[in-house]
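Starting from the known structure of chain B, fit chain F onto it as the hints suggest.
2 protein chains.
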Amino acid sequence: MSGERLIYLPLGGAGEIGMNTYVYGYGKPGEERLIVVDLGVTFPDMDGTPGVELILPDIKWLLDRRDRIEAVFITHAHMDHVGAVGLSWDRLRAPIYARKFTAQIAREALDEAGAPDTALHIAEAWPAMTQAGPFRVGFVPISHSIPESSGLVIETPAGRIVHSGDFKIDENPVVGEPFDKVLWGEIGALGVKALVCDSTNVFSPHPGRSESTLAGPITELIREAPGLVAATTFGSNVARLKTLAEAGRAAGRSVVLLGRAMRTMVKAAEDTGILNDFPAVISPEEAADMPRGKVMLLVTGSQGERRAASAQLAQGSYLGLKLQEGDLFLFSSKTIPGNERGVIKIMNQLSEKGVDIVEGDSGAYHVSGHANGPDLEEMHRLVKPEMIVPMHGEHRHLRRHKAVAEAAGIPAIIATNGMMLDLGGTRPQVAEYVDAGRTYLDGAVLIGALDGVVRDRMRMALNGHVMVTLVLDEQDEPIGDPWVDLMGLPEIGRSKAALAEVLEADLAQFVGRAGAKIIRSEERLEKELRSIARRTTQDEIGKKPEVTVVVSRLS
Amino acid sequence: MSGERLIYLPLGGAGEIGMNTYVYGYGKPGEERLIVVDLGVTFPDMDGTPGVELILPDIKWLLDRRDRIEAVFITHAHMDHVGAVGLSWDRLRAPIYARKFTAQIAREALDEAGAPDTALHIAEAWPAMTQAGPFRVGFVPISHSIPESSGLVIETPAGRIVHSGDFKIDENPVVGEPFDKVLWGEIGALGVKALVCDSTNVFSPHPGRSESTLAGPITELIREAPGLVAATTFGSNVARLKTLAEAGRAAGRSVVLLGRAMRTMVKAAEDTGILNDFPAVISPEEAADMPRGKVMLLVTGSQGERRAASAQLAQGSYLGLKLQEGDLFLFSSKTIPGNERGVIKIMNQLSEKGVDIVEGDSGAYHVSGHANGPDLEEMHRLVKPEMIVPMHGEHRHLRRHKAVAEAAGIPAIIATNGMMLDLGGTRPQVAEYVDAGRTYLDGAVLIGALDGVVRDRMRMALNGHVMVTLVLDEQDEPIGDPWVDLMGLPEIGRSKAALAEVLEADLAQFVGRAGAKIIRSEERLEKELRSIARRTTQDEIGKKPEVTVVVSRLS
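Protein chains in written order, with the working numbering: chain B, 1 to 555; chain F, 1 to 555.
Pulled out of the complex, with its shape left as it was, chain B reads as follows (with noise of 0.2 Å):
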């Protein structure tokens, strides 16, 4: 093997939706010339991750290979695709190219990194072309659900790569630009190697929607409103918002932006000359002293999230706004699997207050934004391509993917995170396999994943902690009892007795009978203490718990 290969090594993303980051190489095996398309963030749960803020991939790989990165390209302004160029800047120090919306969004993640101006490059569109070592990437236009999504053409000596990004079909998505069939066909007609492709609604069987369908039925629910109407869809979904927003003009309402997402993404769309034509709005203060029927609200938190506007409204009031019977709450969006109970305690929280809430799920009021299962043969029969690499999606999802495209005679292969193809051949091979793994922000720090930091957390939240200490003087024999601190266990046992008072009886008793060889063996006796502290927890509360022992040696 001394000649060049072109590779494609999925860091995150593949076999997962979210935390796409995806790393192409161009050269000999073990010296290529590396690009990164996309960094991206995936969300935590209580489930696995609690207490972490946010859930990177782990870049291991690409540190080691720092010298080798001509650039980073980000395909979209999403979390899940430009949420790590902050948090990864410093690592990384790779030169990053977005176009001008994605460009705003990354940029103030840089800074709060450090990162100088000339760390971020605004790239022009295709035919616009970016040079990174043997690589050249264009920006090319694609529809999806925030402005300015790219697919990347990246030629390279051994052929031309299309990485979809997220996309939708959609000839007519209200703000920015539509999905253009013919730009998409003569990019395919020059002839393209490998289709890297989205894959995240490959089970929905029927053609996407386009964005442009929801005016009418959203401006006709809230024509029909009596009181307030608050809708909620995602911040970054610019054209969602303008298509509200109208709706509201429409039926004579003043409208409010509420959280800061939603505002920084108008904001941004606007700065780059995107949106210039979205309804003015009020602020909350001025919309306070509407009539009910005179106003709407567009609120962040469409996915339940604990501290936006819609949570904060179905609580109580938010910047002295307050739902009421009568008004009308519409989820202009679909809940992700996973944020169900948070989404259903919002509604529960609305019902209680007497609001009417609607759902975008009936799909009148909400589309998606990525391409569905015909959507995605079409996307295929456009760029003609000889292979397919099914992305961004779980294992199920790319498994589908694969099948369809196989169906249409193409090639195509399953790869998930770790997994490096080698896509210079007749069809897509696995080359090497590689550690790809997840990174915690866990309050200001970066964490791996498996260093165990999580782990305990999630025992200490299942069975509970047992701290155990023990005074030992200078001749190693002990000062009064061991005692005991309980953090998260039930005070009383089946015994009727206090647990911390029954458990420190059963280690007092220990300590009285054990040996001076134990005694004098630090690890012997912690071991001890532990397993006798978790014995009696079994007996008294049904639960093993977490233990910490302390022995303090005066000596």
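Don't read these hints as lab results, they were simulated from the structure.
Check each hint, because a few of them may be wrong.
Note: identical chains are not told apart, hence a pair may lie in one copy or across any two.
Stated by the list, open to error - In silico lysine-lysine, DSS-like type, Cα no more than 25 Å apart, as pairs:
# : residue 1 : residue 2
1 : K496      : K60
2 : K334      : K353
3 : K345      : K334
4 : K242      : K28
5 : K267      : K294
6 : K322      : K294
7 : K28       : K345
8 : K181      : K384
For chain F alone, kept in the frame of chain B given last:
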């Protein structure tokens, strides 16, 4: 108010799905004789109840009036109706009435709780009635997703109540008694004061479909499957198990039951004569030796439960059985909101093995056990109540159900847990507000939801735990410096030094400078040490941890 009144008091199930527990009373205010309908549980989750085994209604109100409880009636054997019977027996000691299948399921829990055989009474179906103080209660067969479900006719001196229990309108339920429209019409004709009615599916706009519609599609699906077929559903859905097993047999497959819950339910249905033609089953060992196309597994774990058969098969093997490329896994079930992550995890694990997954969400392979919106309207028409009290549902379900009733001109009210109604008038009225809450089975111990035990565990899960130990001699002089143990916190903080060392340095500095007054005050010393530990951890890690301070005084 010296006359008698008829009261209704939900202690669980009203304002939530699960944990059904309803009280009816008749007599002078404060002296009512009481009956309890259902004693159910709900299930914990990491979001709010990590480490908890089961969630029960807080029955303090009942315990304070134990001498006034005539009986407990259980409508059916789902855990959210019968699950707290065993755990409540020792505290309540009221006679329990159930039909025979339900009684067999309750029996095991009562045995574990040490209840005598005489605690449990088997009730015959309507028109048989049980006298319980001023109440006469009849079990009227009603269709649902478990055998022998019953609505209750509760006759009182103030009128007749129909308590629907969980139900659907299914005139061909495959196993057990069909919904008998004539019978329910006859009961309606007797005159019904109040219909207390299941609300869980009120948002489903189409009439419910019969269990019997599934046999065709399921049989066809299994017949076309080349490899092994595994299907999961609720173990208690005996009709579904029969449909699945018969479909397997029709496709020339031998059936294996995997999972204790499933075997228990089939056995109970056979023992009680409800199920007498279930296909013969073979053991996992026998199945392992057969061609894959000749085997069908019925497995527990449709909700992604971690230890159930489906999860074990998805992870690797279970009792010698493995799934592989070309096998089929059918979810003959719907994912309950909140369980998505667990179910999706199993789907992806199966996908990794090359197993094809078929979901019940499409409707072809699963029907709900609850009455949809139009079915509820039909029930209202059949029973012709003077008033409707929506039960078993979140607030949004109760609210919609109330609107459905009122649209038909029937007075209705939303009564959530703890809201006691007086049903004696022409429309339901709130009589009192009662403390209603939740009790946790934590390990083997019952604790109150507000005891703080689980709150502390969640705090440790979110924030980590710092333990500070300081030893003081007889003169209150510190022996050595304070030391620190950490659990669930990153080792290295912002200053790039070990967090424990930074903490110990800051704490030692404080102790060195603290005056005797602080050192001698248990309270102030602990407070200061805790405050420093929190502040330093916040500076280093960006998290405010839980802190336990142990000051050992040798005096």
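Against the structure, the hints come out as follows:
For a Cα distance limit of 25 Å, the shortest separation of K496 from K60 across copies, 19 Å, qualifies, whereas the shortest one inside one copy, 53 Å, does not. When the C-alpha separation of K334 and K353 is checked against a cutoff of 25 Å, the pair qualifies only within one copy, where the shortest distance is 23 Å, while the shortest distance between copies is 30 Å. Taking the closest pair of Cα atoms, K345 and K334 come within 25 Å of each other both inside a single copy (15 Å) and across two copies (20 Å). Taking the shortest alpha-carbon separations for K242 and K28, neither the intra-copy value of 49 Å nor the inter-copy value of 61 Å comes in at or below 25 Å.
Taking identical chains as interchangeable, the C-alpha atoms of K267 and K294 lie at most 25 Å apart only when both belong to the same chain, with a minimum of 24 Å there against 63 Å between chains. For the identical chains of this complex, K322 and K294 are intra-copy neighbours only, at 14 Å inside a copy versus 62 Å across copies, given an alpha-carbon limit of 25 Å. Taking the shortest Cα distances, K28 and K345 never come within 25 Å of each other, neither inside one copy (55 Å) nor across copies (38 Å). With identical chains, the CA atoms of K181 and K384 are at most 25 Å apart within one copy only, with a shortest distance of 13 Å there and 60 Å across copies.
Hints 4, 7, counting from the list given before, are not met by this structure.
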